[in-house]
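Undergrad: Just need the whole structure built from these sequences, with the hints factored in.
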Amino acid sequence: MDSVTIVAAVSIAVAGFTIMIGSIAPALGEAKALAQALSSMAQQPDEANRISRTLFIGLAMIESTAIYAFVISIILIFVNPFWTHVIG
Amino acid sequence: MNPTPDGIVFWTSGFITLNGTIVFTWFVMVVLVAISVLASRNLSSGKKISRWQNALEVIVGTVRKQMKEMLGRDDLRYLSFVGALFLFISLSNLLAVLPFYEPPTGSFSMAAALAVTVFFAVPVFGVAEKGVGGYLRHYIEPSPLMLPFNIISELSRTLSLAVRLFGNIMSGTMIVGVLLSIAPILVPLIMEALGLLIGQIQAYIFAALATVYIGSAIRSRAAQERKNRQKTSKGEDNG
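One line per chain: the protein sequences are P and Y, in this order.
Quick note on numbering: this note's numbering labels position 7 of the first sequence as 7, and the sequence is numbered without any gaps.
Quick note on numbering: this note's numbering labels position 223 of the second sequence as 223, and the sequence is numbered without any gaps.
Treat the hints as calculated values from the structure; they're not laboratory data.
A few of these clues could be false.
[To be verified] A short, non-exhaustive set of chain P residues, derived as facing chain Y with CB atoms under 7 Å: (1) I6; (2) T54; (3) A60; (4) I67; (5) F70; (6) V71.
In this text the structure is predicted, and so the values were computed from the model without any measurement.
Glycine included, C-beta positions come from ideal geometry on N, C-alpha and C.
TA: Have a look at this one:
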């Protein structure tokens, strides 16, 4: 295999693995946070506003890990620096 | 395929390129200014108010109430900054229902610019509130050992603010693009609706995080202690 093929194959495979592994942990974490928040809201409906506000901010924080993985895989597919290096 | 509006080029001359991000940002600015001018043309404080004024009052009132709960006080300086960020991001994501329009927040340069405004606004508000020394002291607050971590966190949260907004909006556009090529009838509509919802949530989160960052910069120790005292006294009343 020449280097162009290797770079292309590795980039595509790693992009898939990145989004696959990178979305598992945030999904589990968000599910846990949401379940906890729901049970807290069921216990204390008066505090529902405060809980949901904190929940939203926390979910955004957790979700950014998955977004990082997504951005990395997008970079690997669309604007891959190694690919341009090999081509050029 | 163009996942970001950066790829749509309208006009180019030399090193100046007029791409979709800039043009759509101008469009959003025009819409925002036009709505604001129309709504605030004849304001009244009486019982009979125009529909536009009512709508705008609801939005501003909600943002103000949320910020008051987060910051612990009512301050119009922060309201104007965070409210402008929220309205801009919210409207630019909402206008994705229009044909030929792509949200400018789906471009990394736009998201990074918005995050950089927050990055600079936090020390400005902090210095205005507590003075230069008082603001700089919070970098070494638990102990001077934490100085590098505080500086890194300041930078990394700006990056995460930018990447979060960019990633969410761009992925929405992209999922619709992919679905258009595999199931073009009705299926992309569902994801488009989900994208609108995500856009509003991201606008809320961006504004909420900006408020939290500003709040952490302007919060003084005395105010914190006062708040804690109030909370404990309230708890005693309830108990």
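Undergrad: For each hint, tell me whether it holds in the structure or not.
TA: Hints, verified against the model:
1. I6: With Cβ-Cβ at 25 Å, over 7 Å, it is violated.
2. T54: Where the cut-off is 7 Å and the nearest Cβ of chain Y is about 10 Å from T54 (chain P), the hint is violated.
3. A60: A60 (chain P) check passes; min Cβ-Cβ to chain Y is 4 Å, inside 7 Å.
4. I67: holds, 4 Å
5. F70: holds, 6 Å
6. V71: V71 (chain P) check passes; min Cβ-Cβ to chain Y is 5 Å, inside 7 Å.
When each numbered hint is compared with the structure, violations occur for hints 1, 2.
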